[in-house]
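**Student:** Here is what each chain is made of, one letter per residue.
There are 2 protein chains.
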Amino acid sequence: MQQLSIDIKNIFQTISPEKFETVLNELTECNRLLETGYGQGRDMLGWVNLPETTTQELIDQINSTAKKINDIADVIIVIGIGGSYLGAKAMVDALGENFSYLKPDYKQIIFAGQNISEDYISELIQATQNRRTALIAVSKSGNTLEPMLTFRILREEMQHRYGVEGARKRIFVLTDESKGSLREIVWKEGYESLSVPSNVGGRYSVLTSVGLLPAAVAGINIKELIEGAKAMRVRCSSNINKLENPALIYAAARSVLYREGKQIEILACCEPYLKMLTEWWKQLFGESEGKLGKGLYPSTVTYPSDLHAIGQYIQDGPRIMIETAIKVRQSRSTIEVKSEIENLDKLNYLANKSLSHISRNIFEAVSIAHTKGGVPNISIEIQRLDAHSIGELIYFMERACGISAYGLNVNPFDQPGVDVYKKCADSLLR
Amino acid sequence: MQQLSIDIKNIFQTISPEKFETVLNELTECNRLLETGYGQGRDMLGWVNLPETTTQELIDQINSTAKKINDIADVIIVIGIGGSYLGAKAMVDALGENFSYLKPDYKQIIFAGQNISEDYISELIQATQNRRTALIAVSKSGNTLEPMLTFRILREEMQHRYGVEGARKRIFVLTDESKGSLREIVWKEGYESLSVPSNVGGRYSVLTSVGLLPAAVAGINIKELIEGAKAMRVRCSSNINKLENPALIYAAARSVLYREGKQIEILACCEPYLKMLTEWWKQLFGESEGKLGKGLYPSTVTYPSDLHAIGQYIQDGPRIMIETAIKVRQSRSTIEVKSEIENLDKLNYLANKSLSHISRNIFEAVSIAHTKGGVPNISIEIQRLDAHSIGELIYFMERACGISAYGLNVNPFDQPGVDVYKKCADSLLR
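Chains as they are written, first to last, in numbering that gives the first Met the number 0: chain Z, 0 to 429; chain P, 0 to 429.
Don't read these hints as lab results, they were simulated from the structure.
Here a beta-carbon is modelled for each residue, glycine too, at the ideal position from N, C-alpha and C.
One should not assume that every hint holds.
What the hints assert, rightly or not - With a straight-line cut-off of 35 Å between C-alpha atoms, the simulated DSBU-like cross-links for lysine-lysine are:
1. LYS371/Z / LYS178/P
2. LYS8/Z / LYS422/P
3. LYS337/Z / LYS421/P
4. LYS274/P / LYS293/Z
5. LYS352/Z / LYS421/P
6. LYS187/Z / LYS352/P
7. LYS371/P / LYS337/P
8. LYS422/Z / LYS345/P
9. LYS337/Z / LYS66/P
10. LYS168/P / LYS345/Z
What the hints assert, rightly or not - What the simulated footprint calls covered on chain Z by chain P, stretch by stretch (three residues with Cβ under 8 Å from a Cβ of chain P suffice, anywhere in the stretch; the number is not a length):
11. 180-192
12. 341-353
13. 364-378
Next up, chain Z with everything else stripped away, as it sits in the complex:
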């Protein structure tokens, strides 16, 4: 099988098939709401059909802008936070050139604006002094403090380095088509810009220019990303048999376990390059569902690394967790363990086995051990770390999240809670 698959057999140690089926039926209606637009937050459903509505013209425009950026710079600073940061970095880490920094003449994509650390920003400015630099400023509203403050500082630095005209050519902006401070700045300064659709919220925007432009700069095939998302959208349509709808199955599995009293979902990536994708997932689900005292607490780990960190807690701590593992079937390279004459490390029993084979067995063992220990677990597999598979995975997660949040009877698409500290900060700072 070449496409994303999901396996929920290990939840049935904890949940009866009947309970699961009840929730599955209920959430089938929630999935339909995403298409009919009769649910909460219905003005923010642009992401649901985004793969279809993404035109070749837009893809060409994004690729052409990326080429312009790559021609003029070899250090590209992407300024954004939250949904204007996590998805882009997730795709660059999963699909871009890893260890690029060890190679001469490499392109380096660096993310800023997710902090306002003086050390981070000063050191970034200092380290890029003699590098051909460009900025991509990403903020749909143009209101978010950290990226806008960072943009103000780095824009000044660019003007200092290249002059006003030179800076103008090296700054690119992703923001709302017609609203917000950042759009006003674009009109005033004449920066090249692309639009972010108004009806797609930040954490659902990774398959808009917000994610696609940094991905294209990193050399990723964004057409294939969209194709993968398209293929998944078809599989998640409300006219698909519910037992074959992967997003619905995932949403139902985690929902029924939540209703059974579980409180934490641990998303484990079994491939280190997917770490940032799990961070993107954390915002997606945490910010969509964490309302009115509801929702599974989203937590992330990387396996096998974190088996040696939090594995003890997962095995023997309070039984309040579920675990969802993302696995990759096929690696890009192959390494086989070779036999050694001395065998002092006693690893010859693994000779002639590939690391993928060994990993697969370790992750199977983890599933078995955690199931035995009372941690129901879900397994999601994608074919390879390529653009198509990541596009499938992204859309799968977005769809499952919308379904699951509707199942909790919350608005999946707002985030009123973050205003509490912002208002307080505002009153302290003004």
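Assemble chain P onto chain Z, guided by the hints.
**Tutor:** Positioned in the frame of chain Z, the structure of chain P alone reads:
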């Protein structure tokens, strides 16, 4: 004040001072157990007095080995997992040269062995082809699969690149003084090595050569790290007034909240360079406490970034969380916001304020908002991102963890749960 401080005032919205005092008194005895050695896991208390028992001779030896490594290599691959990885990376990230990869002639420290990803290892090998490379292999037992397998593969690569003799000069080992596969390999191959004390477990070993050697390679002042840890140890002694013992206060605060029904502790670093330190903390507490169905679930975030990810959930999700924030009083650089004529981003109200000042107010606002929202929070401040402060912070956390785990009546120093999946993996692979 120049030293680490802790502020727990915000827990008293949830907990009465009397309840806190009761737990504080109880845990005072637990703190004493760490010194008398009458508690569980008493054979693994070497870390308690480690700052005192670390001789100048050892520090000189580590620095001298680091110099040797830096003379022969500019890419240093540290192979380890869990306690043989997280603490070292935590210190390198907090105190090393950030953005080094953007500078010519830089030293680059890369971590491997925390995964057995074919893509990761192949790409690492390929990217370091033309770089002067050295390996530091770290495993106290010499039994842990992922680093030992990675070491086997990378050792062969080194021999392929440099010949057997050339590889011998470029491989350094940190392992038990006399036991385990890795020590046998050292004896056979003649690699330069340093010992890891037998009575210090992996997650408590960051202030042994396990962390100190990579730190020294990164140019960190390891003498100052130890001095900071020493200073903290004095403040945490059992003869100190309990109300002035920072580790005891932290342990008691989190313990009383746990007993009150909280289930998750979110450790938030308010400085991006401390991200890996929070990951180190996750193993420290998760693996020490997650036993017999007990313990707060350890979760990590970085602020302000994750306020735009999981902030919504923290504000409005289930009230099962506590939050502990690590703040840095003084940054290494200063950036002040400048006024702009146009003010299209409307940020002139922040003109003439430093980013530190703005951050401080944001984090204060977060404290207030989260307290109001029912998330009791603890604030830990260190003076600067320097070796002394990090040494204080590390020892503070280790001490608090030992106290807290004794308070739960578990053995803080073993990890039997991780054997469950390992045995299963073993039976699948042999």
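**Student:** Go through the numbered hints given earlier and state which of them the structure violates, listing their numbers in rising order.
**Tutor:** none
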